[in-house]
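Based on the sequences and whatever the hints tell you, model everything.
Listed below, chain by chain, are the residues.
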Amino acid sequence: MKSRTLITVVLLALGNQALAASDDASTAEDIRAKLVSAQLEMVFDKSQAEELVLEAQNSFNSSFQSLEKTEFQKDFQTLNIALKTGNEAVFAQTRARLWTGILNAAYIKLENAVKSQNTSAANEWLNLREYRLATRFTSPDSDATLAVASLIEQKISSADALIAVRADYLDAYQARLNNALHDLEGAQQNKYAILSAEMSALATGYFQILSPAYAQNLGESALKDVQNALSKLELQPLSSVNLSAVKTRLEGFRAAPLSPKERAKRASQTLRFLTLVPVEYGRGVSESNGVTVVNRDLEITEAKTFLTSAASAFSDLEPALIKTNKNAVNQIKNDFAALEVGLNNAAAHNNPPSFKDVQENIENLNTKLEQLIPADWRRADPAGDLDVIKSQLRQLENAVGEKSFDLAESARVSAYAMLEGGTEARIKVFQPQLATTIEGLFWNGVQPDGLARLIARKASIDEFKTTRLALEAKLQEAVRYVGTNASPTSTFVNALVIVFREGLEAVLILAALLGSLKAPAVRHLRRPLWMGAAASFVATIVTFMVMQRILNAFAIFGEKLEAVVSVIAVAVLLVIMNWFFHNVYWNEHLANFHKKKHQLMGTNIGQGLGLVVLGFTAMYREGFETVLFMQSLVLQSGLTPVLSGAAIALSLVTLVGVLVFVLQSKLPHKKMLVATGAMICVVLFVIVGNTTHMLQVVGWMTIHPLPIVVLPYWTGLWLGTYATLEGLVLQVIAVTFVIGSYFVAEGLKHKDLARKLETAQNPGVPQKVVSN
Amino acid sequence: MQKRQFHIGVLVLTTLGSSLVMAQASNANLGVVKNYLLIQLGVQKAGSSSLKMAAQRYYDLAKNTNFDYNKLASNKNAVQNALKDARDGWRKASPVYESVEGIVAGVEMLSIFDVNLDAGMSKTEGGDSIVTFDLKLPNGKTLEKPGNLFGVTEGALWASEKAFSSSVKFDVDGDGKIGFGDALPDANILKAAADKLDGMTAELISTSKTWTPTLENVFGALTANVPTAAPVFIDRWKTSRFVLGDAATRRDFNAISSLDDLNQNIASWLTLYRGLVPAVTAKNASLNKQIQDGLNSLKAWVSKLESQEKTRRFSPEQAELILKESDNRATAITGKIVQAAALLGVKVSN
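Heads up: the sequence lines are chains F and Y, in that order.
Heads up, the final residue of the first sequence is numbered 771 in numbering that gives the first Met the number 0, and it's a clean run with no missing numbers.
Heads up, the final residue of the second sequence is numbered 349 in numbering that gives the first Met the number 0, and it's a clean run with no missing numbers.
Hints may be right or wrong, so weigh each one.
As the list claims (entries may be wrong) - Below, a sample of chain Y positions facing chain F; criterion: calculated Cβ distance under 10 Å:
(1) Tyr-68
(2) Asn-69
(3) Ile-129
(4) Lys-140
(5) Leu-142
(6) Gly-150
(7) Val-231
(8) Asp-234
(9) Lys-237
(10) Gly-244
(11) Leu-286
(12) Leu-304
(13) Glu-305
(14) Gln-307
(15) Gly-334
(16) Gln-338
If you are wondering where the hints come from, they were derived from the structure by calculation, not from laboratory data.
Where is the CB? At the ideal position from N, CA and C, for every residue including glycine.
Dropping the structure here:
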């Protein structure tokens with residue numbers, strides 16, 4: 000182990016040194032920059048341009064030792080000829096070809112290095128790349144860098160590193176290809192021949208990097224078709240027909256398919272950034288006598304950046320969406336383009352559109368997007384959710400500032416629904432303690448007081464601010480845990496663990512209840528209990544399917560529904576428990592005296608229904624919780640790994656269930672009854688504790704925190720015991736009720752036996768019938 | 000048991016991770032960042048103080064006419080001088096604030112200043128970020144949550160917000176004609192907002208002195224600011240008189256080129272990055288070199304363009320090429336900064 004660590008440290012040090020010594024990434028950047036400057040100088044100072052090209056060529060020749068340079072040398076020759084003849088378009092085109100050629104070569108070198116686990120070579124080529132265009136609001140990814148770092152540290156295999164590198168690079172170059180085609184369209188509209196030539200060559204170059212993925216997805220013949228279309232475009236870069244031909248052939252193609260999480264991120268970005276466009280635009284312009292005037296450029300720039308970011312995020316979703324609704328996608332693209340023209344006019348202070356027009360156009364576009372983008376695509380991005388939640392919390396604070404506590408409550412409920420519908424279940428999985436803290440801050444927690452509590456007592460804005468800041472900090476912390484990429488394998492394992500844990504709880508509860516009904520005289524009562532349990536299983540599946548569709552609306556009621564179900568479970572359990580002690584335990588020993596009554600019991604519809612309800616509610620509590628967990632995992636990684644994990648977990652639960660029931664049947668009857676009674680007692684204790692907590696969370700019960708007492712997290716998770724007066728008192732009352740019920744039953748039994756003995760000793764005295 | 004082990008594992012990993020980041024932070028020289036912030040805010044304070052004094056002069060002149068703005072307009076020279084000084088003060092303070100906004104907005108303890116100084120909305124506008132102050136005017140009235148202070152002072156000085164203007168036309172810029180922004184500001188509002196702006200700048204300075212910068216703050220400031228090179232500065236330049244000549248329709252950035260602003264901003268980015276050099280170098284010396292080369296090269300490129308524009312006129316198509324190249328350079332730098340942050344275990348939030 001030590002030697003492995005030592006090797007890793009040495010490798011890291013060597014890698015760092017190698018990087019410091021060899022820096023082809025900087026050289027490549029320098030070459031590209033020099034050639035851009037040379038192109039600008041072609042018009043103003045030709046000798047300067049020649050000098051820059053020579054410098055670039057010398058840099059190239061003295062670097063990139065492991066590259067095959069023949070094609071690049073040809074490009075340099077073409078550049079020199081174009082320079083001499085003053086052909087700017089050819090110069091621009093060749094410059095773009097040379098640059099994307101270097102990028103492609105570097106990417107191939109990187110892939111090979113990762114495949115062969117040549118970490119120093121991987122490090123050498125890693126930074127010779129382009130990223131997605133950065134904006135003030137979106138930064139490039141770092142997945143490839145982290146994957147190579149993990150490979151060096153031997154934390155991941157080369158196969159896993161390769162997947163991450165490919166996903167990052169192909170995503171970046173596809174975005175660049177989209178940018179080039181978009182810019183080409185703009186250049187064509189402005190009749191910029193040189194820029195069009197450059198963009199057409201850039202598009203060809205970026206596509207070259209993506210071409211293996213294209214061939215893999217759509218076949219060699221389709222690949223040749225695109226390459227031909229691109230060649231035509233390079234020959235006639237100002238032809239919009241040629242551009243359309245290329246775009247048509249690229250429709251639906253995505254080199255690195257988006258994971259559900261990435262897809263959700265893009266969907267969230269598209270909608271979020273778009274809604275911010277009119278906000279910024281409105282602050283940047285004013286209307287005077289029907290004329291729109293730009294008076295704050297920064298706001299216009301930000302509006303443009305938001306629009307560009309939204310359009311860019313949408314273009315990533317386009318390949319998946321165009322398959323289902325091509326017309327809608329094209330309409331949306333046109334809307335984006337029209338908005339861009341308006342905002343560009345505003346930036347140039349040249350006939351800017353009115354704020355009202357921009358706002359209306361954005362609203363229309365937003366409606367179209369919401370209709371087109373599937374709802375579940377927008378639900379799995381914790382960071383996106385967090386932004387919306389933060390925004391809602393600010394609205395809450397503003398409403399408090401205005402003394403509008405109704406509005407504040409509405410904002411609180413919306414924010415919580417957003418959390419519960421997406422991120423909370425995952426926090427519960429990965430950081431259950433954090434989930435409890437966040438829940439307290441949203442609802443009726445103390446120190447600082449939860450938002451629900453603050454709203455109820457119409458607290459000061461400073462108190463709200465304290466809670467909001469604490470909540471934001473915790474949410475930020477939560478995103479760090481749940482925001483990491485989840486592989487299908489880890490999602491599979493998570494689903495397996497969650498379903499197994501919840502299933503195990505359900506089995507134990509069911510075993511406890513069924514164990515009480517082992518005596519031949521009451522065995523038939525097992526049937527309604529089983530029916531209730533079976534119905535809850537079906538209800539759980541239905542809930543899962545319903546939540547898939549209407550998660551947003553459902554989430555608002557999630558906690559309250561869980562609270563209601565829990566209360567019903569407790570009520571039914573208490574009634575049935577009382578009945579158990581008075582009928583099962585007691586009557587078991589007095590069977591001979593109550594044969595007739597047992598027969599009647601068999602036909603008692605009320606008791607049967609009670610047992611169905613008990614079976615249903617006791618099981619559905621677990622089922623509902625499991626659905627919430629599973630739902631969030633589906634949002635994170637798709638249905639397949641989750642259902643696979645759940646299926647295996649259910650098989651294991653069934654196995655454990657069979658073992659428990661077999662073990663139960665082997666136990667001597669009296670011991671089994673004692674064990675079952677104790678189990679029911681524990682089940683009631685836990686359910687009462689959890690139900691009390693749930694009622695306090697949704698604000699339906701007061702909270703009196705216990706002073707000084709700090710209970711560890713596991714008491715809440717396993718025993719339903721939280722440090723509140725109400726919770727502990729109710730748990731004690733519940734247990735007292737069960738034990739008391741047992742002693743009352745015992746007392747009645749002895750009293751009755753004594754009376755019967757007395758009757759036996761004094762025949763002729765009429766026997767009092769004991770009512771059950 | 001497994002669950003407990005899992006939790007202990009997470010705790011250990013979290014602690015180790017935090018320790019690592021803290022160790023990296025101690026490796027960095029983040030004091031540079033705080034110094035930079037305080038220096039910039041010092042310049043902003045000088046601008047806001049000038050604005051405050053000029054607004055006071057304008058208020059005194061208006062008070063002398065019992066706030067009869069038509070009468071005030073007849074005191075042409077004194078009013079023009081006062082308003083020119085006020086605008087100059089605003090022009091000095093506002094862009095400097097833009098250069099530190101990425102830090103102020105990104106640091107929780109400072110972020111409320113960003114809302115009140117530059118980003119917050121008015122109560123009327125609504126939204127999720129309303130300013131937290133009311134503006135008490137010298138005449139006893141109160142403007143409830145009027146919007147951010149740079150916005151209010153700008154609205155009064157350039158008459159872009161009717162409610163902050165007297166609506167009396169006046170040749171503020173002295174160009175001999177009544178054009179955009181030529182109206183007398185409401186003296187009460189201008190004075191109250193200028194006083195508040197200056198006071199809040201002082202407050203921001205004193206709060207900033209208690210701030211301890213983190214790696215996350217500095218990386219965040221850089222990744223939020225470097226990508227603005229093309230869409231903010233070059234885009235302005237592209238549509239200014241420096242490129243379009245008489246065809247330019249915008250009235251600003253015609254005296255001083257936006258390239259000059261960009262150059263100053265790059266200098267501040269270099270200063271910010273200097274604070275990260277020890278930490279990044281320790282992790283990946285080559286990456287550090289690439290980032291520094293990138294920033295220096297961008298600065299050299301902008302300086303060259305700035306000197307070239309004095310003797311040559313770039314065509315709109317060339318300006319477009321310059322914009323795209325600037326964006327490429329800025330993205331390459333930002334991308335590498337993000338990689339450095341990731342290697343240091345710092346999550347860059349936007």
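Checklist line | Hints the structure fails to honour | finding: Per hint list: 1, 2, 4, 5, 10 and 13 violated.
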